[in-house]
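Please build the complete structure, drawing on both the sequences and the hints.
Here the sequence shown stands for residues 192 to 1024, where the numbers follow our numbering.
It is worth saying that the hints were derived from the structure and are not from the lab. These numbers come from a predicted model, not from an experiment. Don't be surprised by glycine CBs; every beta carbon is placed ideally from N, CA and C. All the pointers check out, no bait thrown in.
Below 25 Å or equal to it, Euclidean Cα-Cα: the simulated DSS-like pairs (lysine-lysine) are: (1) Lys1023 <-> Lys777; (2) Lys744 <-> Lys617; (3) Lys994 <-> Lys957; (4) Lys617 <-> Lys452; (5) Lys994 <-> Lys1023; (6) Lys759 <-> Lys744; (7) Lys957 <-> Lys1022; (8) Lys1022 <-> Lys777; (9) Lys1023 <-> Lys957; (10) Lys759 <-> Lys617.
Pair ranges (Cβ atoms, derived): (11) Ala417 <-> Gly691: 54 to 60 Å; (12) Arg496 <-> Arg285: 46 to 52 Å; (13) Gln381 <-> Gly230: 31 to 37 Å; (14) Phe1018 <-> Glu597: 26 to 32 Å; (15) Ala890 <-> Pro793: 15 to 21 Å; (16) Gly741 <-> Glu614: 20 to 26 Å.
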Amino acid sequence: MFLFHRTNGRLLGRIRGLPDVVHHLAWSPDGQRLAIALGAGGIRVHATTPPFAELGRDEDYGGQSYSVDFDPAGRLVSTALDGKLRLYDAALRRLVPPQPSDGGRRPFFARFSPDGARIAVGFEDSTALRIVSGLNLRPLMGLNTSAAYNGNLGRVAWSADGRRVFAAGTNDVGGQRPIRVFDPDSGRQQAVWAVATNAVMDLQPLTDGRLLFAAGDPSWGIVDGAGRIGPTQGPPLVDHRGNFEGFRLAANGERLAFEHKVWRQGAWQRSPRVFDWRQLRLERADPTPDLQPPRRESLRIEGWRSTSRPLLAGQPLPLAPYDMSRSLAVAADGRHFALGTDWTLRWFDATGKALWAKPVPGVAWLANLSADGRFVVAALGDGTIRWYRTQDGSEALALFVHADGERWIAWAPEGFFAASSPEAEKLFGYTLNQGRDQAADFVSSAQLREQFYRPALLTARLDGNEAAITAALKAVGDVRAALAQGLPPELGEVTLTPLGSGEYDLSVAVTPRSGGLGRPSIRVNGVEQAASREVPAGGPFNQRLRFQPGEVKLEVGFYAAGNTLLSKTRTLEINVPEPTVLPLRKPRLYVVAAGVSRYDDPSLRDGVSYAADDARSVADTLRRHHDATLVELARPYLFTELEATRDNIVAALQAVAREAQPEDVLVVYLAGHGSHDDRGDYLYQPYEVRYTNRAALLAQSLSGSRLRELLADIKASKAVVLLDTCASGKFSLPAFKEALNRFASFSGRAVISASANEAREHTSLKHGLFTSALLQGLEGAAANRHGEVMVLGLANYVDEELKDSARHLFGHEQIMLSEFAPAFRNFMLTKKR
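In structure tokens:
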């Protein structure tokens, strides 16, 4: 049993050697003793300060104990499933022999009244409530619970003033679990308050008359004296119970409809949702006709819903003792069926022969089968929906949708994941045990993002393309290997000391742990920043930063030594004042543009006929249309054809990094071929690349990770990266799109990019489709009413124009990719003439 510090969560110590499971704990009024109710071995009392010595025990129990409670004088009452109550003095000496209670055979909770004179008793096997003497356990009265005719009222509590008794448990009223309120003097029921949808697990009175409850949803909340629910923490889960017909699946398993049912403020809230693996998108929408509910007609299966004895043609199907069947789905050909239970997902043939059974992390409330026979899809009590292979029952993919109906995260068992937003990445992760005497640690998917954010791999798996995942595993390993490298550093105090003129000194107390100490991660308004290459072995990490005026969100973290696992990050938000001294120069516009049409390797020249001209046109348009009253144009770096080498592009960005200041503007434009590697990294292919083999081509490219480093070194706070790079036929389109997305998301810079490998260019335009729309927007077609072409306005214009042009010229849309950090500050690129 572990004791933690209440405010900082630090593990204080462990009480060792307990003989069985701990069912309940109670603090003495002075906080010096802790009573422990055990599954076997009775009860024990321990000191609450190290070394947490045992102060007493009573092992003479004939059943499990689920309740211990102290009165103000330090006396103790306990229950046991042997049917008896036990009363002790402060030294754990029995005051009277164990006493049975007549309300039920299994007393569950027993609670002293505030003055210790009476004890309220609830039962596990009935809805009875009894009041007994706090002096000798003699019966005093029964409360009138005739209105509660199912379940139990096993959890009880007194109000702080002793004028009410509260009771709850598994008692059900229309699918809700209420708290019932009684007058302990007359025994009459006074009120019924619906608070949860699952068993109420505990009740605790607050001194101001309010009542704290906890329920198995999981949820907790506070109810005032009139039954109004105040502060609550509802379940973060979607409740899948009973939605059999709404759980609808596409024939290949790639789209799923379900009812988004959550309990909020004492009422059910329901709405339809459809998740699409192909688009990796969750929509609030009704199911389309191609999504089918579970089939159950072709086999005679009875008793499958909430019984322990399901039957096939009158014969029992094998279940473990005490397990309960919950869901059923029959294969489209009628030759197999899946049965979901409390503990397992089971696969049978049509004769009832068990082919496999897999443990599940929550009750399998719903099940469905893809018509192509590949997947059993199960909605579980932990809120997840999981895709299992019918071949062997192995888990292929999983999805968790938060109760807010917006955030979701999907993953493969190897650790690769996709999510609706960076915040959603924190919904799922891994608990790492650190031995019996240390608190466990939790690593969220967000901390593994650099290596394991790989949405295209999930889609590939659904398509049956395991080669893509195999290649990724060879490149980065699976999540178990990453976690085995040790824990990431722990951050202490983070401070920003203002120095004036937008400059601040950042200081971070960082402590290496078992995984060692790798590079820092610093983001300003979501944008990746260059960090000092010197990482401290001991003391604090220090770096000077300069910010633009306005609101600034600074996020700091440190990687473990392998630079795979990031620490939990710390965030500071400040408002940087306007400078009191005018800048020495006007802000500058830096342009780095490169385009390759005639690659040194002739096999790479298809599909990029206008790339070099596009780079010239973009640089020229920015020269002609920049607002010279606000920014001065720095010498542009333009590289086309044989000049568009990796070394030249890198050198240009390094030159900008030496000059640019936070108030400056940077535009990077790259046109030509793009690709990706097995790590999911985006690659731009400069002029000199030759395709002798895939590995050689990748080695000669400018990688997205290198481009991120170069951009992080550039202080310009206003920057946009424009990419008109297509994947050649040698590369997977979904994986290339993923690589673009990863580069954009990880860099934190504004990125606007073409993301297709077809319909890119047309002779009537003399440009690539993307760049044609881009040039129109920069020349003024994307301008607002003030004649300003802002970055967000440009992105919106290019998106619509690109779709329209592709539909007109090729009969189908071309998709644009854009990525902006949540704290992105819009800025002007050009002025309409």
